[in-house]
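Chemist: These protein sequences, in sequence, are chains A and B.
Under the numbering used here, the first residue of the first sequence is numbered 1, with each subsequent residue one higher.
Under the numbering used here, the first residue of the second sequence is numbered 1, with each subsequent residue one higher.
Don't read these hints as lab results, they were simulated from the structure.
Don't take each hint at face value.
One copy or two, it doesn't matter: identical chains are merged, so the pair holds either way.
Quick list of in silico lysine-lysine cross-link-like pairs, DSS-like style, CA-CA up to 25 Å [to be verified]:
1. K475 with K342
2. K197 with K168
3. K342 with K277
4. K50 with K450
5. K475 with K560
6. K119 with K434
7. K269 with K50
8. K2 with K197
9. K80 with K264
10. K197 with K450
11. K168 with K599
12. K342 with K269
13. K269 with K178
14. K486 with K2
15. K168 with K178
There are 2 protein chains.
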Amino acid sequence: MKVTFQIEGGSPVQVDCNAGDNLLELARRANVAIDAPCSGNGSCGKCRVKILEGEVESFPSRHITDEEYEAGWRLSCNCKVIGDCNVLVPDIASAYQSRMKTADLSSPEEVAIFEQAKKNMEQEGAIPFTNSFRALQLEMTAPTEEDTMPDIERLQWAIQAAEPEALKVQIPYTVMVKLATVLREENFRVTVKGQLKDDTFTCMELCGYDDTAIVGAAIDIGTTTVSMVLVDLSNGAILAKGSSGNGQIRFGADVINRIIQSTKPGGRKALQDAVVKETLNPILGNLCRSAGISAKSILNIAIGANTTMNHLLVGVDADPVRMDPYIPSFFSWDGLKAGDLKLVANPLAPVIIAPNIGSYVGGDITAGTLATMMWDSDEMTLFIDLGTNGEIVFGNRDFLMSCACSAGPAFEGGDISCGMRATDGAVEAVTIDKETMEPTVTIVGEPGQKCVGICGSGIIDTISELYRTGIINAKGLFVREGDRVKRDEHGMGRYVLATAEESETGREVSINEVDIDNFIRAKGAIYSGIDTLLQSVDMTPDCIEKVYVAGGIGSGINMKNAVNIGMLPDVELEKYHYIGNSSLTGAYAMVMSNLANDKCHEVAANMTYLELSTYPGYMDSFVAACFLPHTDSSLFPNSVQEM
Amino acid sequence: MKVTFQIEGGSPVQVDCNAGDNLLELARRANVAIDAPCSGNGSCGKCRVKILEGEVESFPSRHITDEEYEAGWRLSCNCKVIGDCNVLVPDIASAYQSRMKTADLSSPEEVAIFEQAKKNMEQEGAIPFTNSFRALQLEMTAPTEEDTMPDIERLQWAIQAAEPEALKVQIPYTVMVKLATVLREENFRVTVKGQLKDDTFTCMELCGYDDTAIVGAAIDIGTTTVSMVLVDLSNGAILAKGSSGNGQIRFGADVINRIIQSTKPGGRKALQDAVVKETLNPILGNLCRSAGISAKSILNIAIGANTTMNHLLVGVDADPVRMDPYIPSFFSWDGLKAGDLKLVANPLAPVIIAPNIGSYVGGDITAGTLATMMWDSDEMTLFIDLGTNGEIVFGNRDFLMSCACSAGPAFEGGDISCGMRATDGAVEAVTIDKETMEPTVTIVGEPGQKCVGICGSGIIDTISELYRTGIINAKGLFVREGDRVKRDEHGMGRYVLATAEESETGREVSINEVDIDNFIRAKGAIYSGIDTLLQSVDMTPDCIEKVYVAGGIGSGINMKNAVNIGMLPDVELEKYHYIGNSSLTGAYAMVMSNLANDKCHEVAANMTYLELSTYPGYMDSFVAACFLPHTDSSLFPNSVQEM
């Protein structure tokens, strides 16, 4: 049998298959990207396809209306092939998986974050942004009958003359094989790029005179989104910036589903390819073009990624990470080279992985903690990273406690029917008029961009506004009626942010009671995590002197709204600071600075991990937090419902 | 057009081609092995093929008789394709290129050479045969909820417990990717193989409990023949031994022709593949099977090879080696790993290349010099390596002089019409009855093996016996007539060692005046090289206290005959020692012993190179040596012609 996938905006893909094959599995095998955040168990409703010709066997789903079913829409995870068919894979399916974005330079605000990090670290932390990478311009005399020194010695002498600290010079194979050719083609005037470490200069690249930069790549590999900057290793300048969805998304939205997929035959390779070949390498290639540099000039790479992401990146068996007793292959490991992963970079470039401290607090958090400078501060600091799940660190220069919350992917648009990431078409900010119940929305993208879905910051705003205006109650149920409040045949309420006519896609963008319930559990997990972490050191929210909130949940987060719904503790708003992608900022520091790298490992070694699931009182705290704002409203004196 | 090669004893190969294509080039492109030691200039006559169907355009050649021409025999280097044809590639063509030979263990005599080398070096040179490679049997406790140490730390601790000198433990990518899997599959009982160097233990292999050896490969890459032993790195025992022809032979018999071929498009890759993929890897694979070890257990490799061979092996541009001012890419280089060349071995295994000291005195000679122990001796020692060309070293612990002779490949059977290497069917020793002129021959192979051709030691014997018995004169011309002496239509004489009926192949095995002339030039080059080297230090042959003769020219060499024809100086025969393949013996020492490796580099650094071609008096010396035994017969009082 044959199934043809008609990909909206792409070329069709035909696959041979057998009767009974699952349509989603088939798409994965054929590398056809269909979003399936729930990894194919029918709960998320994102893997919609339209059967154009032929028939499939499938069950009804609450995610497909009767009219849609009639028109051929199905959840692909829920379809068995019973004959040849022709399947439309709508582009809306990839709305969740954002398109790649690259830029020559990041926006001034973004550049400012990196500049600030450099300044903080150098001035406050006494951590200079210097590293061991060098570019040397060399001019040698050509050999003669009187001067018959072999090429390698000629080069070694020239390097030692230019870099007197290099007592030894190491020439690896990649340089050796082209040495004779390059020296003669370039008339013995060459540029050598390499690393000076422990008196040994290792040549990493040999080319003709070249005044382009030596480059580092700082990378945040999120479960959902991958972000990257190329930096000039000589001065820390940002050369290019880019991001895209993590290609692993089609294997599941969360780390558990990814690990399960990786244990299937060929799974480790498939997951590794999805992040390396489909995600990192295209971004690296684009950024090199933007910055006008050769990939061979990328001499150093630092990666902030959670434990599962860095295990799947390396290609090790990640199953022990999720199975009792939860043992990662590594916390810290310094043996990786770009060539091992076939990254688009100099194959000899070391790949620094920010250290994990446990199965569920990984390098993204240690890199982020490095970036906050809380390890150097007297102030009691709370650091919250809202990614897929959420991780929390609390402490100061004297101690650091951390925990991971089972918040799920709601802050990145997962588990929300119209959720999406903060890319073009995402509602990122919302206010609702108390009287008319009409929304005013801010949408990511160019002016005139219509609405596609809702991203994390938009969800926080919507729920806060629905609660403030009394449209929903403390349990998240709809209690007012109006044009914007709809109910389905089972009576489930939803609030319409954009009607089918108003939206970009022709499908209504709304938030329903299931979404709200999912979100309340997510925010409850965050709040109870903070609460438990504070309790574990006998402190209360009023001890908090500073709060850093990180995460790619929009251009920022409305802290007032986040406090209003009881997601974040009700402390003075001026204590809150949104710091963007702290994992990326930390990776930037690590790629630029040997000492920052050492410091991150020191911070990780000193950080205590609190396992919430077995901590006494955590479940009670979580249940109490699953209300708007909280069962104990005295904790949120500033949360308002304007009845 | 299509050409089909019918390979005797193999499958036919069909190639598309154009009118005018050269048949030998076509065969090379199609990887059909046709010997062409002269690289296709028509001089060697080895590239014979038989046109079975169709026609080709070709010139007559002195190497093809009229009857042979009539029957369809041609020199393939000399054929242009003019239409479809069917070409027989006879197996005789590959007689020159010996079949691979491998054995579980080498013969007792061969083992004795290695044992002697170890004994000499350890006892006389105070160079212990110890190295930095280790196999560690580890037993760890499995992780529990109380012991959640990550796998990498668990392994690092176990290694440090087993090897207290390992202050640091390095886990490379190849081990990391399988760490979690192997630990669990093997219940945390594993064997680690690796290298302890400068306080750091580098894991090179991780596997289940394994009591097989950690292995080193010692390799001699000759221009003509490649030989190899696998050794147990823990005690120096020989595990397996093998050899085969160097697959590069189809690109030319000597280094100059190989370099020229390597400069053609794709040439460097083709020459590298010919030695790595077609030669080294098949031998390595066979030896691993013989020894019952995994290729991953080969942790260290040492290679003795001349400058061109090691440049072509690495894949660097070798053209500067042959072009004025003759600049190699490297003399000494320690950056190579087995993985760089994709050798059948542990990819992390260092590949030690014995150091070159010039374009024409390479690592085979420095390794050989190491093996002779002359660097540790008071005796004035002469070391002669008869390979393709010949290299000479003279000196003792106080000084070492070396030179390369343009002797060509005659000692390995090249430049000789019925020449072949010392493999099955080669005549390796000859006596001739003075009266009857009948030969008595010793043939390599099982009893009953018939004659295929003549190898180096057989050529020396034949010419010496022809001279002793007065069949040829001092110029190498035939002066007696008889059944065994034939003349062709031009009057050129030849001596028949085996008639067409007596031979294995149905072709006469003989030695003609051109062969003898070629050989006299070769032996003259060796003698005049020795003479000039001695002159350069104001010495004469009677200063020589010891002579080592090395080279794969048979199971040995009849020194009396070599002196008789004026190839080697006329000193007491008991000073002569045949030491077999000294490059391989030296590589054996280097793979086994860190100190032997250091010593070889020290010997190379202290060795002076004498360029014969520009040395005053060398040409006169050469011309004087191109007689039997020499124009100045007083130099050879023991050379006899029984008139």
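Chemist: Now, for every hint given, state plainly whether the structure supports it.
Modeler: Hints, one by one, checked against the model:
Taking identical chains as interchangeable, the C-alpha atoms of K475 and K342 are never at most 25 Å apart, the minima being 50 Å within one chain and 64 Å between chains. Taking the shortest alpha-carbon separations for K197 and K168, both the intra-copy value of 10 Å and the inter-copy value of 17 Å come in at or below 25 Å. When the C-alpha separation of K342 and K277 is checked against a cutoff of 25 Å, the pair qualifies both within a copy, at 8 Å, and between copies, at 23 Å. For the homomeric pair K50 and K450, the shortest alpha-carbon distance inside one copy (23 Å) is at most 25 Å, but the shortest distance between copies (78 Å) is not.
For the homomeric pair K475 and K560, the shortest alpha-carbon distance inside one copy (20 Å) is at most 25 Å, but the shortest distance between copies (108 Å) is not. For the identical chains of this complex, K119 and K434 are neighbours neither inside a copy (44 Å) nor across copies (97 Å), given an alpha-carbon limit of 25 Å. With identical chains, the CA atoms of K269 and K50 are never at most 25 Å apart, being 30 Å at best within one copy and 51 Å at best between copies. Proximity of K2 to K197 under the C-alpha cut-off of 25 Å is found in neither arrangement, the shortest distances being 57 Å within a copy and 58 Å between copies.
Taking CA atoms no more than 25 Å apart as the test, K80 paired with K264 passes inside one copy only; the shortest distance there is 20 Å, against 57 Å between copies. In this assembly of identical chains, the alpha carbons of K197 and K450 never lie at most 25 Å apart, being 53 Å within a copy and 63 Å across copies at closest. Within a single copy, K168 and K599 get their C-alpha atoms only as close as 28 Å, which misses the 25 Å cut-off; across copies the closest is 19 Å, which meets it. Taking the shortest Cα distances, K342 and K269 sit within 25 Å of each other both inside one copy (13 Å) and across copies (21 Å).
Taking the closest pair of Cα atoms, K269 and K178 come within 25 Å of each other only across two copies (13 Å); inside a single copy the shortest separation is 32 Å, beyond that limit. Proximity of K486 and K2 under a CA criterion of 25 Å is satisfied in neither setting, with 41 Å inside one chain copy and 76 Å between copies. For the homomeric pair K168 and K178, the shortest alpha-carbon distance inside one copy (20 Å) is at most 25 Å, but the shortest distance between copies (33 Å) is not.
Hints 1, 6, 7, 8, 10 and 14, counting from the list given before, are not met by this structure.
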